[in-house]
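Keeping their order, the protein sequence lines are chains A and B.
Every letter in the first sequence is one number past the one before it in our numbering, and letter 69, counting from 1, is 69.
Numbers in our numbering are just positions in the second sequence, counted from 1, shifted up by 1000.
Watch out, some of these pointers could steer you wrong.
Computed list of chain B residues with no C-beta within reach of chain A, every gap over 12 Å [to be verified]:
# : residue
1 : R1019
2 : V1140
3 : L1155
Distance ranges between label pairs, derived from CB positions [claimed, not checked]:
#  : chain 1 : residue 1 : chain 2 : residue 2 : range
4  : B       : A1169     : A       : P25       : 48 to 54 Å
5  : B       : K1189     : A       : V75       : 16 to 22 Å
6  : A       : L12       : B       : Q1102     : 24 to 30 Å
7  : B       : R1233     : A       : S2        : 26 to 32 Å
8  : A       : M1        : B       : R1132     : 44 to 50 Å
9  : B       : A1169     : A       : E60       : 16 to 22 Å
10 : B       : L1211     : A       : L100      : 30 to 36 Å
11 : B       : G1047     : A       : P82       : 28 to 34 Å
12 : A       : Q59       : B       : A1230     : 25 to 31 Å
13 : A       : M1        : B       : S1105     : 40 to 46 Å
14 : B       : F1113     : A       : I34       : 22 to 28 Å
15 : A       : W4        : B       : V1020     : 39 to 45 Å
If you want the footprint, here are the derived chain A segments under chain B, 3+ residues with CB under 8 Å [to be verified]:
#  : stretch
16 : 51-61
17 : 82-92
Derived from the structure by calculation, the hints contain no laboratory data.
Treat the numbers as computed from the prediction; the structure is a model and nothing was measured.
Even for Gly, the Cβ is constructed at its ideal location relative to N, Cα and C.
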Amino acid sequence: MSTWIAIGVTALGCYGVKLVGLLVPAGALERPLIRRLAALLPVALLAALTAQQTFGDGQELVLDARAAGVAVAAVALVLRAPFLLVVAAAVVVTAGVRALGG
Amino acid sequence: MAEQKALEDLRVEGDKPDRVVVRDALGVGVAVGLSGFAFGVTSAGSGLTLVQTCALSLLVFTGASQFALVGALAAGGGPLTAAAGAFFLGVRNAFYGLRLSQLLSLTRAVRPFAAQWVIDETAAVALAQPTRRGARIGFVVTGLSLYVLWNLTTLLGGLGAEAMGDTDAWGLDAAGPAVFLALLAPMLKSTTERAVAGLAVVLGLGLLPVLPAGVPVLVAALAAPVVLWAQGRSGDVREGER
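Based on the provided sequences and hints, a complete structural model is requested.
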């Protein structure tokens, strides 16, 4: 049940912000500071999420096969690989390292 | 969900035939739409049911938020804490909407229907077109192809995960962080973005053992205003950027 609550709240919230953007008068959110903050907020969230989902296991920090997979994804990104290839590389390397007992 | 690198090639000035706009839009819609498979597998592997997984793609339809939500739930986060992280990631769509509503000049009656498609990819394709007609075609074709494919591949991913059993053995727990990293990489344009990302990583990892699940990410979001504030103090604010 709590999963459905999370889904419902997220769906309403995410649809709401999409609609607000289309409905509010132009210029209302166009102040430079607000724009800068809006651009930087996803940077902070994505960086924290990447780190946590790579090294977090519940409330512990661990170094396991995921770190190798995400490291390879980072290399693929530097080499400007397409999105799907980046994700696939991370998955394959993680599975491989884990199969080898990492 | 962002194919920002692919989109750099789309910026063409002047007149642009409709079929070129359609081709570019389909390219983005198909490439990103296929990655719904990774979401379906990750969501099912995180313990959500197939119906819940599909409901997320149908109703939320903004990839980073979806990955963040299932990741937070899998880590044991409370429903509202998990939803808060997903919501804050979705806030950027409001700013796409601001620019799109002028560019597409939608009637008020159409806006509630167009809103669900206001995401990274549709905004990037529409904003890259030189004319209003091109922007409208780009928005609709990207939105439609991405929405249909993203939901189909989510379903397939969810079904696939059930057939696979232990998704971690297949390395699929690395799909989430790899997606986040792929979304993050094109945003790290200047030292400001890198400082925010670095501080967020330190906060996110440092607070993980001490705060309830899902809360450290919300605290890490404060890296954005903190870095802006620090820059403001050192007089290094470049407001013309972006």
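B/R1132 and A/M1 - C-beta distance against the hinted 44 to 50 Å: For A/M1 and B/R1132 the Cβ distance comes to about 46 Å; the hint holds.
A/M1 paired with B/S1105, Cβ distance criterion 40 to 46 Å: Holds: the Cβ-Cβ distance is about 43 Å, inside 40 to 46 Å.
Status of the given 22 to 28 Å range, CB of A/I34 versus CB of B/F1113: 27 Å Cβ-Cβ, so the 22 to 28 Å window holds.
Hint check for A/S2 and B/R1233 - Cβ pair distance inside 26 to 32 Å: violated, 42 Å
Range hint compliance [Cβ, B/A1169 to A/P25, 48 to 54 Å]: holds, 52 Å
Minimum Cβ distance from B/R1019 to chain A greater than 12 Å, as the annotation requires: holds, 23 Å
Stated coverage of the stretch 82-92 of chain A by chain B [criterion: 3+ residues, CB within 8 Å]: Holds: 9 residues of the stretch 82-92 of chain A have a Cβ under 8 Å from chain B.
Verdict on B/L1155 as a residue remote from chain A, using beta-carbon distances over 12 Å: Nearest chain A Cβ is 16 Å from B/L1155, so the label holds.
Verdict for A/Q59, B/A1230 (Cβ pair) under range 25 to 31 Å: Given about 29 Å between the Cβ atoms, the range holds.
CB-CB spacing for B/V1020 and A/W4 relative to the 39 to 45 Å hint: Given range 39 to 45 Å: holds, Cβ gap about 43 Å.
Verdict for B/L1211, A/L100 (Cβ pair) under range 30 to 36 Å: holds, 34 Å
Cβ separation of B/G1047 and A/P82, checked against the hinted range 28 to 34 Å: The hint (28 to 34 Å, Cβ to Cβ) holds, given that B/G1047 and A/P82 are roughly 30 Å apart.
Hint 7 alone, counting from the list given before, is not met by this structure.
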